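J.: So the chains spell out like this:
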Amino acid sequence: MTWNSEFALSILPDLLRGLWITIQATMAAITIALVLGLVVAVVRYLRIPVLSQVFGFFVLFIRGTPLLVQAYAAFFILPHYGIVLSALVTGIIVLGINYSAYTAEVYRAGIEDVAKGQWEAATALSLPGRPTWTRIVLPQAVRSIVPMLGNYWIQMFKDSAILSVITVAEVLYVGQTIGGSEFRFLEPLTIVGLLFLAVSYPAAVLIRRLERRLAISR
Amino acid sequence: MSTIIDYAPRLWEGLVVTLQLLVLGSLLALVIAFAAGLTRLSRHRLVRLPAAIFIEVFRGTSMIVQLFWFFYALPFLGIELPPFETGVVVLALNEGAYAAEIVRGAIKSRPAGQTEACIALGIGPAKRMRRILIPQSIPAMLPPFGNVLVDLFKNTSLVATITVLDLTYMGLEVRTNTGETTAIFATLLVIYFVVSLLLWVLMNGLERRFAIDRTKKSTRIKSWILSQPRGGAGA
Numbered sequence: 001m002t003w004n005s006e007f008a009l010s011i012l013p014d015l016l017r018g019l020w021i022t023i024q025a026t027m028a029a030i031t032i033a034l035v036l037g038l039v040v041a042v043v044r045y046l047r048i049p050v051l052s053q054v055f056g057f058f059v060l061f062i063r064g065t066p067l068l069v070q071a072y073a074a075f076f077i078l079p080h081y082g083i084v085l086s087a088l089v090t091g092i093i094v095l096g097i098n099y100s101a102y103t104a105e106v107y108r109a110g111i112e113d114v115a116k117g118q119w120e121a122a123t124a125l126s127l128p129g130r131p132t133w134t135r136i137v138l139p140q141a142v143r144s145i146v147p148m149l150g151n152y153w154i155q156m157f158k159d160s161a162i163l164s165v166i167t168v169a170e171v172l173y174v175g176q177t178i179g180g181s182e183f184r185f186l187e188p189l190t191i192v193g194l195l196f197l198a199v200s201y202p203a204a205v206l207i208r209r210l211e212r213r214l215a216i217s218r
Numbered sequence: 001m002s003t004i005i006d007y008a009p010r011l012w013e014g015l016v017v018t019l020q021l022l023v024l025g026s027l028l029a030l031v032i033a034f035a036a037g038l039t040r041l042s043r044h045r046l047v048r049l050p051a052a053i054f055i056e057v058f059r060g061t062s063m064i065v066q067l068f069w070f071f072y073a074l075p076f077l078g079i080e081l082p083p084f085e086t087g088v089v090v091l092a093l094n095e096g097a098y099a100a101e102i103v104r105g106a107i108k109s110r111p112a113g114q115t116e117a118c119i120a121l122g123i124g125p126a127k128r129m130r131r132i133l134i135p136q137s138i139p140a141m142l143p144p145f146g147n148v149l150v151d152l153f154k155n156t157s158l159v160a161t162i163t164v165l166d167l168t169y170m171g172l173e174v175r176t177n178t179g180e181t182t183a184i185f186a187t188l189l190v191i192y193f194v195v196s197l198l199l200w201v202l203m204n205g206l207e208r209r210f211a212i213d214r215t216k217k218s219t220r221i222k223s224w225i226l227s228q229p230r231g232g233a234g235a
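Residue numbers (this note's numbering), protein chains in the order written: chain A, 1 to 218; chain B, 1 to 235.
The reader is advised that the hints may include incorrect statements.
What the hints assert, rightly or not - Facing chain A, according to a computed beta carbon distance under 10 Å, are these residues of chain B, among others:
1. 63
2. 165
3. 167
What the hints contain is simulated information worked out from the structure, not anything from laboratory work.
These figures come from a predicted structure and were not determined experimentally.
By construction, the Cβ of each residue, glycine as well, lies at the ideal position given by its N, Cα and C atoms.
Go ahead and model the full structure; you've got the sequences and the hints to work with.
T.: Here's what the structure looks like:
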């Protein structure tokens with residue numbers, strides 16, 4: 001049994017529909033991650049007592065445990081407490097919360113990357129707090145934050161395949177289902193891999209280029 | 001909770017398998033990382049290209065997709081590996097591809113003066129790499145290697161999907177048998193978290209041991225962990 005192009009072509013529409021679910025899930029989850037990560041970063045930056053420590057531990061715990069187990073846990077535990085969500089929504093929430101632990105650090109690192117002299121110059125020129133942030137610090141922080149967030153977005157796109165285990169009908173799930181019913185795994189799974197590559201590789205090249213353009217020439 | 005304790009031996013068995021995957025996977029990943037990373041530094045295009053393709057393919061697709069491909073699709077091409085071996089190989093190839101970029105980046109960022117000095121002293125390319133460039137690059141490789149190690153450890157859980165009896169697989173089995181959903185997942189998450197913490201402490205220790213400037217004030221472990229980006233993502 002080797003590659004059958006006719007079969008491969010016939011399953012392509014279904015797999016593309018699965019890829020569309022993957023992309024939608026990634027878009028929704030990255031939105032959660034960007035917002036929640038910002039909340040975590042601000043709370044930790046302001047050093048709000050108790051809350052800051054709780055968020056610190058939350059970030060550490062999320063980073064130290066597998067996404068797969070987090071997804072299973074949410075999928076099986078939530079219905080026990082009367083929270084019934086579709087697999088897709090559960091998956092999006094888990095993915096979003098998982099990545100917020102990483103985006104939070106991106107925001108922090110981006111702000112800390114801005115040279116100390118910039119703050120000092122703003123103070124020396126008696127620039128008030130608001131313009132110091134909006135005109136001096138944030139425009140410079142964005143330069144390092146945007147490419148880093150872009151890299152996480154790609155990583156999340158690839159990690160979303162893990163949601164297939166909780167029956168989210170994304171591209172890997174579709175590929176597995178086709179393979180199981182047709183008893184041919186070579187074509188569907190190879191196409192799934194190629195589809196991931198077809199999205200993530202150009203995206204990575206784009207982000208690398210963006211990074212170079214945004215880089216401050218020192 | 002008491003029913004879980006009855007099943008503790010099963011979880012322990014699973015943890016042992018997970019740790020075996022971690023050790024074998026990371027050793028093989030290290031070999032692959034240096035092989036692919038150094039090959040990619042070659043001056044010859046024909047040598048560089050296969051390494052580049054390997055790295056981009058394994059970094060560009062998900063590990064769970066690779067795992068399924070090796071387990072379900074590869075037998076159609078006549079190559080059949082048992083689940084555990086498949087797990088070790090895929091873990092090593094995937095994380096090895098990330099680590100290869102770390103090896104390449106660290107060696108490439110050595111100051112040109114080191115290479116020039118070697119040429120001036122008549123030290124050949126092989127010896128230059130082995131005695132000068134690689135030893136100098138190790139401190140720069142260690143922090144990103146730490147991320148890859150923790151990522152590899154977390155990714156060992158994926159092998160449960162191809163019927164390897166690891167910690168996650170055993171946890172799911174105990175859940176089916178007892179129905180203690182919340183308790184079992186809390187237990188699993190805590191075990192994974194504790195091992196990750198130990199790996200972080202280990203890598204922090206190695207980093208300090210190999211640091212060029214050993215007088216540097218040691219950072220607190222928690223802020224050190226948080227400053228680590230996700231393995232490979234930033235590379």
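J.: Hint by hint, work out which the structure violates, then give me just those numbers in ascending order.
T.: 2
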